[in-house]
Amino acid sequence: MGSLRVLTHYLVYTLSIFIQIKHCHSSSICLPKKHGALFIFGDSYFDNGNNNYINTSISVQANYPPYGETFFKYPTGRYSDGRVIPDFIAEYAKLPLLPPYLHPGYPNYIYGVNFASGGAGVLDGTYQGLVVNLNTQVSYLKNVKNLFSKKLGDAEAKELISKSVYLFHIGGNDYSTLLETNSTVLLPVDHQEFVDMVIGNLTNVIKEIYNLGGKKFGFLNVPPIGCSPSIRIRVNSGSSGACLEDLSAIARLHNTKLSEMLQKLEKQLKGFKYSLTDFYSIVYQVIKYPSKHGFKEGSMACCGGGAYRGDGSCGGKRGIKEYKLCVNASEYVFFDSFHPTERASQHYSQLIWNGNHNVTKPYNLKQLFEL
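Here our numbering = 1-based position in the sequence shown + 100.
Note that these hints are calculated values from the structure, not bench results. Note that this is a predicted model, so its numbers are computed, not measured. It is possible that part of the hints are untrue.
Label pairs and their calculated CB-CB ranges [claimed, not checked]: (1) H203 x K466: 21 to 31 Å; (2) Y206 x A342: 20 to 30 Å; (3) K424 x Q368: 45 to 55 Å.
We put the CB at the ideal spot given by N, CA and C, even for glycine.
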């Protein structure tokens, strides 16, 4: 039943494409005048199943129960009990559920596609060999553009690429790798220099997509990674509930540099438009004041073991077989030791989509789509 539901979503996607095609010549695809696609880049917050199709470790996969239990009734590869942020954004943009790029059998990506890979960072060296790194994700976009040129012709393909939105959530894994294994001690590197390297690589990626014809970019900055259950359990297995401030401080440094970089690109690149959501602040507020946002638990995960259920055992496949699972995931901010529940993702998505300038600027994502 669960697998049938997932298949149904993708059949809707394929049917939508057929509806677009049926009034056109066989060599062409007819598109609405204002049509723009949505292309997703990033890590496990955005991955909707790409890691199912790569030769990797179970440690960076979520294709087993209880992942997917509440919405799909089946583990899809999303690091959630249900949908993730890009699923909601696609819905708000009146687009079908986007397929993971590596899923076989979806050659027409006129509504967009998801390239994200759990564990990916901005830097190629982040979990190297286990994930689809960001540069590879961009190479997949190049493949899609070439496919558009063959299907639509160069002029229509260029127009579609220009109207589309390129949405990113990435960077947290780069900074998490600075933690020594099973430790709260950060590796002795120059943090400013490391942040500059991450931002420099991200800048190159943005410019590469811009040179392909992309004009509209959406970004979530790095959340307070020092406050996830997986980090809290390292800081104090007791009752203090402390976040690892040093790690969150690096995230804030990244976020400052990201904002400065985007403002510079807006001045340098003709037609470049962006939406930057202060993901750090909105996640921190929900963690600290869960009841204000309709949640009962902001620090402990729904699924896992140990303090805050932060030991990474959700699903029993990552070295620890026994784990606990909450009764109602929608009451929790975190589903597992690092990732949000579907309900938390929906809360974040609504703010990303139509939040005010205190949350997302200079445009929210809805405004970016309408430009």
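### Task
Determine which of the earlier numbered hints do not hold for this structure and return their numbers in increasing order.
2
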